[in-house]
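The numbering of the sequence shown is UniProt numbering, which starts it at 1 and goes up by one.
Heads up, some of the hints might be wrong.
Label pairs and their calculated CB-CB ranges [said to hold, decoys possible]:
| # | residue 1 | residue 2 | range |
| --- | --- | --- | --- |
| 1 | L220 | S41 | 19 to 25 Å |
| 2 | Q99 | K301 | 54 to 60 Å |
| 3 | L39 | E378 | 49 to 55 Å |
| 4 | I215 | E89 | 53 to 59 Å |
These are calculated hints, taken from the structure and not from any lab test.
Model, not experiment: these values are computed from the prediction.
For each residue, glycine too, the CB sits at the ideal point set by N, CA and C.
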Amino acid sequence: MLSSKLQGCAVKMRALHSSSFRCFMSPAFALESEWKARLNSPIFQKLEMNKFFVDIDRKFQRERRSSHVDIDLYANKAQGDTELEQLEELLYQFRRTPQTVLNLPSTHFAVVRAFVEEGKTDNLMRLMDDRFNYGIFPDDYSLVYLLDHFLKSENWRDGAKVGIHMMIQEDNAIPVAREMALYACYMYLKYPVPDQVWAPQEVEPEPEPEDEIKIRVKYLEPEYFDDHFDLIRKEHQIGKTLAKLGNGDPDLELLGLVFWEKWDLVRDRAQKDTFASETLELIRNHVSSMETLEVKDEILKVLSGAKSSDSNVEERLKMAVTESVNQHESKYIETEKKNFEAWNANREIALQKQYQLYQREAKKEEILRMKQSLKEKEEKLFFFERKDDLDKIKEEKELAWSKTKPSRSWGRITLKPRKAVPKDYTPPEMGSRSTADN
1 MLSSKLQGCA VKMRALHSSS FRCFMSPAFA LESEWKARLN SPIFQKLEMN KFFVDIDRKF
61 QRERRSSHVD IDLYANKAQG DTELEQLEEL LYQFRRTPQT VLNLPSTHFA VVRAFVEEGK
121 TDNLMRLMDD RFNYGIFPDD YSLVYLLDHF LKSENWRDGA KVGIHMMIQE DNAIPVAREM
181 ALYACYMYLK YPVPDQVWAP QEVEPEPEPE DEIKIRVKYL EPEYFDDHFD LIRKEHQIGK
241 TLAKLGNGDP DLELLGLVFW EKWDLVRDRA QKDTFASETL ELIRNHVSSM ETLEVKDEIL
301 KVLSGAKSSD SNVEERLKMA VTESVNQHES KYIETEKKNF EAWNANREIA LQKQYQLYQR
361 EAKKEEILRM KQSLKEKEEK LFFFERKDDL DKIKEEKELA WSKTKPSRSW GRITLKPRKA
421 VPKDYTPPEM GSRSTADN
């Protein structure tokens, strides 16, 4: 009886714990109907995605360029595994064209929304992390939308990745997104999942060639570690995210500096403020697990002397998220509604400009074809009247061609002067072979 009651209490606690994560952004924040309204445009209704993809890809192969409007149209209507794979390929190719600087803001949001709605968040995280090859930079609303999705599903890993993206882009003060990112990073460190892979779709490096290949370069670039884009280890990335986004919070700053391995700053910080006992315990466990740390004993001694309190960091961070949501959610909704309207209008304007540009290019090509055709007809009609001129042109071409032939002049051969033969010279006698042998 007692065990059943305890099990019931545990279920209720888990349900309460789980429901607390679903109270961040309201269902109205997703703007489902407003977002779907874009598909009512005639251009989307007439769009055949398979044929459209082939046309864009053919343009890439022939002209090494594409239109930012075409990429935006495809991103806004893409759905399903096949179309998302094709979208990823188009983004990769488009990133290598000069037109990538014209990328529309709606494209970034459409990519985020499409991958989230299809449950392909692992793919999305890989694209966002590879900024150089795909160029996906979510706006403020998209970051909040992503973080809310991950927090409600208790996906602390991907929530922390979004926070790292914000840190790298130096978006440290985005309302709601900042609080959510800090909460996700803290929860990822506090509740690690043993068998969880940090990058499920990590691109494997190309195998090293068997033969040694040497490449001549003009100079070697000096080795420089910028401590920002060059951060590779997840501990360092999360640590810097906590230190930068959590500026002003002693617990988050100290925790971030420890995982970032800024030991001089850790010594200084640990002696100034009061920290939650759970934060100090989390830090001590991490430092103790670092086998190669030379200053381990010193840092543990500094941490043992730090002032502690019974503050609940997890609840405090969750409360900060809730308060920020209550304060800024309505502003986000109203702003994004206006953005949807502006994006639709700007897309129509850009589409008209592209249509006019294609018309001008088609007219230029038609004029060039007509000029070439007229030139050929003129040569046929006036062939006999211009025969002398054509013969002269032919001779000039033959002369120019002959000059390109390799020279066959070997230079003059100078023979040595013959010596005078003396009068008493007697040539040697040439005997037969048999006589010589005898």
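Right, here's what the structure says about each hint:
The hint said 19 to 25 Å for the Cβ distance between L220 and S41, and at roughly 54 Å that hint is violated. The hinted window of 54 to 60 Å between Q99 and K301 holds, with their beta carbons roughly 58 Å apart. In this structure, L39 and E378 meet the distance hint of 49 to 55 Å, their C-beta atoms being roughly 53 Å apart. Taking 53 to 59 Å as the suggested C-beta distance range, the pair I215 and E89 does not conform, at roughly 29 Å.
Taken one by one, the earlier hints fail for this structure at numbers 1, 4, listed in ascending order.
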